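Colleague: Got chain E; can you put chains D, R and F with the ligands on it based on the hints?
For the record, the sequence lines run as chains E, D, R and F. Take 1 as the starting number for the first sequence in our numbering and just add one per residue. Take 1 as the starting number for the second sequence in our numbering and just add one per residue. Take 1 as the starting number for the third sequence in our numbering and just add one per residue. Take 1 as the starting number for the fourth sequence in our numbering and just add one per residue.
Hints listed in this document are in silico derivations from the structure and should not be mistaken for laboratory results. None of these values were measured; they are calculated from a predicted model. Beta carbons are placed, not taken as given, at the ideal position from N, Cα and C, and that holds for glycine. Treat the hints loosely; a few may be bogus.
To be verified - From the derived model, a few chain R residues whose C-beta atoms are all more than 12 Å from chain D:
1) S25
2) I56
3) A95
4) D107
5) K118
6) D120
7) D131
8) V133
9) Q138
10) K145
11) A173
12) A275
13) T279
14) T290
15) S312
Said to hold, decoys possible - For lysine-lysine, the following PhoX-like pairs were computed, each having C-alpha atoms within a straight-line distance of at most 20 Å:
16) F:K345 <-> D:K228
17) R:K118 <-> R:K166
18) R:K72 <-> E:K327
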Amino acid sequence: MTDLQTEPNERLETKTSTATSIVSMLFRFQSLFGLVAVFIVAVLLSPVRDGANIFVSSDNLFNVVRAVSEIGIIAVGMTFVILIGGIDLSVGAVLGLAAVGSAVLMVNDDFGMWPAILIVLAAGLVFGLLQGIASAVFGIQAFIVTLAGLQIARGIARIWSGGQGVAIAYGDGPGEAPVSFSLLGERTFNGLVPIPAIIFVVIAVLAILFLRTSAFARHVFAIGGNEKAARLSGVPVTRVKVIVFGLCGLLSALAGVIHAGQLNQGGPNDGSGYELDAIAAVVIGGTSLSGGRGSVVGTVAGALLLGVLNNILALRNVDPNVQLLVKGLVIVAAAGLQRLRPAS
Amino acid sequence: MTDLQTEPNERLETKTSTATSIVSMLFRFQSLFGLVAVFIVAVLLSPVRDGANIFVSSDNLFNVVRAVSEIGIIAVGMTFVILIGGIDLSVGAVLGLAAVGSAVLMVNDDFGMWPAILIVLAAGLVFGLLQGIASAVFGIQAFIVTLAGLQIARGIARIWSGGQGVAIAYGDGPGEAPVSFSLLGERTFNGLVPIPAIIFVVIAVLAILFLRTSAFARHVFAIGGNEKAARLSGVPVTRVKVIVFGLCGLLSALAGVIHAGQLNQGGPNDGSGYELDAIAAVVIGGTSLSGGRGSVVGTVAGALLLGVLNNILALRNVDPNVQLLVKGLVIVAAAGLQRLRPAS
Amino acid sequence: GTTHENSGQGGSSAGQAPANCKGPSGHYLIGMSQANNAEPYREQMNKDIQNAAKAIPQFEVKISDAAADDSKQVSDVENFLTQQIDLLIISPNEATPLTAVVKKAYDKGIPVLVLDRKVDGDAYTEFIGGDNVDIGRQAGEHMKKLFPNGAKIAEIRGLAGSTPAKERQDGFAKGIEGGNIDIVATVDGDWLRDKGQAQAEAVIQAHPEIQAIYSQNDPMGEGAYLALKAAGKEKTVKVTGIDGLPIPSGGIKSVEQGRLAATFVYPTGGKEAIAAAKTLLIDCKTVPKTQTLPTQLVTKDNAADVYAKANS
Amino acid sequence: MDIAVDDAVAALVEMTGVRKSYGGALACRDIDFTLRAGEVHALLGENGAGKSTLMKILAGEITDHEGMVAIDGTPVRFTSPVDAQHAGIAMIHQELDLVPGLSVAENIFLGREPRTRLGTVDVRRMYRETRELLAATGVALDPRRPVGELRTGEQQLVTIAKALGLDARVLIMDEPSSALSQAEVEQLFVVVEELRKAGTGIVYISHRMEEIGRIADRATVLRNGQVVAEFDARAMTAAQAAEAMVGRSVQTLFHTEGGEPGEIVLEIDDLVVHAGRVRPGRREPNGITLTVRAGEIVGLTGLLGAGRTELLETLFGAGSRGRWSGRILLDGKPIHPRKPRTALKLGMAMVPEDRRIAGLALEHSVHANTVLSIVDRLAVAGVAVRAKETGAVREMVERLKIKLRSIRDAVGTLSGGNQQKVVFGRALLTEPKLLLLDEPTRGVDIGAKAEIYQLLGTAAEQGIAVLLASSELAELVGVCDRVIVLRDGRSVAELDTRQAGEADLLAASMGVAEPGTDSTIAADMVELAESPAGEGTS
Ligand SMILES: Nc1ncnc2c1ncn2[C@@H]1O[C@H](COP(=O)(O)OP(=O)(O)OP(=O)(O)O)[C@@H](O)[C@H]1O
Ligand SMILES: Nc1ncnc2c1ncn2[C@@H]1O[C@H](COP(=O)(O)OP(=O)(O)OP(=O)(O)O)[C@@H](O)[C@H]1O
Ligand SMILES: [Mg+2]
Ligand SMILES: [Mg+2]
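Isolated chain E (complex conformation):
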């Protein structure tokens, strides 16, 4: 009798479990679908010279990674912010502020490289923390807080820089920045691998491990998923939120330092519009803007997707206006790919 009951039961369960296991398999790599697809298309469309596929040439691929490194680093920070259900529109402006800061401190104020960098990173951290406080403590929506933060950071950057990009000359005389700072623009492994790319990869790996293993990350997901439940379970919601915004500010500032190092200048308008690219990368990577669901792996994939897209469009010399169209469509498509997930 009991057998009779359980028997059909078993079948059902196993049936679903195999189904779901396949689904979850797909899941695990879903955030990469878009990247893989775009990559393949890029290889196919790439111009070929002397039988060599230009796109897949190591030089070109490293160019791609270098080109996305700043956006990528920002996007990593943005991922955390979005996971708690927030958003940060100030990242581009903070990048500009940090770029100006490093230039002004080293060139005009004759700071050493490390002091300058540390001050700038601290500034970014504090700026982020303040935004976090405004949104987490005073409950003002992150969108508006960081929209204001964007303008404030730009304002400060323009005033600080005197309204002009501050050029960075290298040397050890006064008004010159330490030569070592210019490394940020160099490539190692006999001129192959750009330093910014390396920094990006390191940051990404650290973030991935942190998100996978830390209790803090659990709290981040919990806040995004159900803030009330998190609070009742003793998660220090406010603190976590503030820290996350601080982290995002810090990473934006880091991107700004790299920016200055790569371009040998800190410009007050640097990084305009980067916030949208970063957010796009995060969403394309399958992180939900409503918070609680997502991954850094996806974000990295999303950033690379955008990089590959820009690169192949350039290699094919697609008309810039048409490029806008194509990018728009690809972004929607890529985001659509993420929707395939059953959840919700």
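Modeller: Relative to chain E, chains D, R and F with the ligands alone:
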């Protein structure tokens, strides 16, 4: 015994009702707090010439309204989108597209004024509907759909206009637009009241009534409040969402037509960044970005607040960089004011 | 490709032709890295280049748009290098940030023509462009001519933080020295018509006494004109602009139609760039290191002719 | 009517003169409440009486209260739930507060994750301890499954396990059984019994009288935020309790005899749903056959996850997309509703299972929530007519005796039971011919239940056909004419409530002769154990 039970009860009822009535009084005007505050400050800071306060001069006030009319009209549409828990980043680009469209159709293709306007408005509507379908039917997050929409609209506008602003000359020869179109740049009531201001006010009033009285509006709020519950209660969720995005596209296109009429030109890059101003206006007006709560009255107040702010900063001709700082701070403060509401 | 690797300073120093000159028989891929297509002036530059290039069958021009982002422009050039272009034309968004990558191209032996804004150092083949400071100065002097016994004026600047905005401001300041031209208000119009209009409206309210407006480009000047018109002052207050693009929506037409009192042609250098490319690649001759393009004062009297000549 | 309590056992918790008001409305007025070690103290009262509020104060969630709270005789003032947890107080919330995206284990250890030496989360230990805790509650879920894909009942068991994990000295259970069906409740009682023996003090809140009778030692009754009676729970009768809660004697709880059934309204013939995408934990209809006649109240019973909810969702066009086989006839016409809107147009109305997720916009007013389904109908040329709406709402508030200050208040501020009544009212306003009810009296007090049953009765008499899914057997036996038993999404039996009793229903649901024996509960757990693994976060 029973008396004993009910009696304190009675007292309570009355007590609360007075309390709540006061609160709700405040509520009713809360969305105006920010505007009132900024307005007063503006009056105080305004330069005075021969005893007359420049800021409150009717000329200047009408300038303010004219200056915000386009953002205001867009913000009205944005309010509906945000009420259903969405967001529309494409409004500025759609404005540009519409501006180019009206110019090209009348100047290059010799369309009459009304045909041109209707075609452009229809285009805006369709563009919005398509975005609505992408987000409501295919469930792609509105943020990313409209971010892509932004790029697509810009791309089309640039291609359509050949990359350059299309100048609008008036007359009835070929290559000239009907003189009546230039009315959009004029002022009526012996040169006092700008036409765009009038259109803005009319749209706003209509929207306010619509949101207050229509059954459709109830559905809009319900969707923003709890989409699943709305669906189970028989609200045609998908349809409502699509329509709302269409409405926002339509109003953006209208703003674009006005833009072209005011500036006698349709430029492919017109309206860049308007989306952020519009969203700021909506949020400052007390509408919640999480949807379900807000009002058009508030949005109008928010738009005017931004206008007054820009105006007084220019009248005092504050250093542009400092202006950025001030604007940022005021926006946060204004948004903070809205938080005073007890809810949630 | 193998042609460039060992060509060292091939594109460089005056006196010898570029190593990659293949004469009339060759086919040449030219990369044009534009700073920002969103600016009418730069869009015009692209047009001039394309039109000029049409006349030369050996040339194939590819244009990229950096959308006002230095980083993007660096990538654009990198991508051109990946495609092994034969010549690079670049209109840098900013000088210093693009210097390194331009040098990289130049050192690869690719001739580099820099338009509108110089990069640092001398790792380029030729610079072709106008002089913003000088144009600003001339605008200032013209203002003095318009008001021999002084005037109160307002200045509408371009986007804060952009080089030309600074240069045109400094130049103008020099230009008006001596004649007592008094700048009573300075506002930012971000190069945009609508911004210029709104700002001008406020200025007119705050300073009804102004007799002229110096706008750092024509679109903002058009905006200012609209503001004046609304205030019924378009007849009394003069507006001068800069750029003078020879297109229907450009400044020359505005002057011709009496909205702007004057504008100063800021040449794009597009034609000249293609000409230089021809000299380098087809004629295998050298080009001067610098070619500064003269500006031209456009007033109601000469507007029509200037427009016609520019479009001939 | 108070009973002498032996003060031999020292009070573990002592609350005296506790007051709490929400915007002028007193939820608790000078309440004295004690809890002793090793006792199960039932807290009874109407919806809105103040039970949850009182307990939230004890659990440190509400901090802006007056009055004193003492643990072991020493006064305390908690500043946060964590604070209270350190003092050994754990609470199982009436509204399930879990994070859908996190796994079962992550939820259970949220905020107190075990760490490795490296400071990373000790996942292995977390899973191990989770399995133990779940075993204690009698459910063997996979600790890695995201809570979001668990059924309401399973989620409730997870919250119980979570509370047990705190091994507190004071355990507050606010309606822990509302989403459980009999078998799980039995297991829950086993747990409670063990805790009692271990000397834990337990506050047990429930609207199911028979449960109180079975496990509680003492019962305190609240009304309007005041203590109005205290009973020896074992001696107490349901009638006494009811009277104390409502303030008057509650007559027949159940509307007994329905009028003569009329035409067949709903006929389902071997309905099978092949979901387009398999959603873990969902039990789609897998061979359902039943009929409901006009004026008839037909019940649906089954174990946790038997598929009642999915059946109702499918009928209402809210189920999973996918192929169908079999037929659904409404008034003899085949139908296939794909969205609730069409279902409503066809004359169906539904009270969904989880009011907070599927029922209400908590921030919106009672008014807005109640009329939502009929704004179209009441509108003239697309313009909503407030007067008509307010009329309709007021009428429902009257009929359902919804306890509120004003229909403008946010529905979120109503007590659980009253929120449920609002959802119910919205359904009735559509004047349906077929009413689909999924746990309509979950968390509703006996008084209100009686009223709802009356309503069902009148509805039936007016010829409305009612399909009622409930986990409360007494309710089914009392209200329904017939009860359909579901198992694994199949309709396996139909019982006539004139002959069958609760025991028969339970037996039929579990598919055995003898109800409640360990072996079958074990079998039930095995089934849950087999439920598939989902994907973790990140
Ligand atoms: N957040 C709140 N804001 C305003 N009033 C509230 C709030 N929470 C509860 N109330 C009110 O306090 C009173 C007591 O609510 P409480 O939840 O304690 O009742 P309850 O006894 O738990 O009812 P139920 O059995 O339905 O859960 C009710 O009148 C309710 O309307
Ligand atoms: N994986 C899932 N995704 C989405 N919803 C689910 C999932 N699993 C269960 N549900 C839904 O959760 C709700 C709760 O299941 P429920 O609590 O109703 O089980 P139950 O009521 O005890 O058993 P029954 O299915 O017989 O009602 C149902 O609406 C069910 O459809
Ligand atoms: Mg309760
Ligand atoms: Mg159910």
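Colleague: Each hint should be assessed against the structure and marked as holding or not.
Modeller: Evaluation of the provided hints:
Under the 12 Å C-beta cut-off, the non-interface status given to S25 (chain R) relative to chain D holds; the minimum distance is some 34 Å. Chain D leaves I56 (chain R) outside its interface by the beta-carbon criterion, the shortest separation being 22 Å against a cut-off of 12 Å. With a cut of 12 Å on Cβ distances, A95 (chain R) stays outside the contact zone with chain D, its closest approach being about 21 Å. No Cβ of chain D comes within 12 Å of the Cβ of D107 (chain R); the nearest lies about 33 Å off, and the non-interface call holds.
Distance to chain D confirms K118 (chain R) as a non-interface residue, since its nearest Cβ pair spans about 25 Å, more than 12 Å. Distance to chain D confirms D120 (chain R) as a non-interface residue, since its nearest Cβ pair spans about 25 Å, more than 12 Å. Annotated as non-interface, D131 (chain R) keeps its C-beta farther than 12 Å from every C-beta of chain D; the closest such distance is 24 Å. The beta carbon of V133 (chain R) sits about 21 Å from the closest Cβ of chain D, which is more than 12 Å, so the claim that it is off the interface holds.
The beta carbon of Q138 (chain R) sits about 25 Å from the closest Cβ of chain D, which is more than 12 Å, so the claim that it is off the interface holds. In this structure K145 (chain R) is separated from chain D by more than 12 Å, as the shortest Cβ-Cβ distance comes to about 26 Å. The non-interface label for A173 (chain R) is consistent with chain D: the shortest C-beta to C-beta separation is roughly 17 Å, beyond 12 Å. With a cut of 12 Å on Cβ distances, A275 (chain R) stays outside the contact zone with chain D, its closest approach being about 23 Å.
For T279 (chain R), the shortest C-beta to C-beta distance to chain D comes to about 28 Å, beyond the 12 Å cut-off, and the non-interface label holds. At the 12 Å boundary, the C-beta of T290 (chain R) stays outside the reach of chain D, the nearest C-beta of that chain being 29 Å off. At roughly 19 Å from the closest C-beta of chain D, the C-beta of S312 (chain R) stays outside 12 Å, upholding its exclusion from the interface. Note on K345 (chain F) and K228 (chain D): the hinted pairing holds, with a Cα-Cα distance of about 18 Å set against a maximum of 20 Å.
Distance restraint check for K118 (chain R) and K166 (chain R): the Cα-Cα separation of roughly 15 Å lies within the 20 Å cut-off, and the hinted pair is therefore satisfied. Between K72 (chain R) and K327 (chain E) the alpha-carbon distance is near 15 Å, which keeps this suggested pair within the 20 Å criterion.
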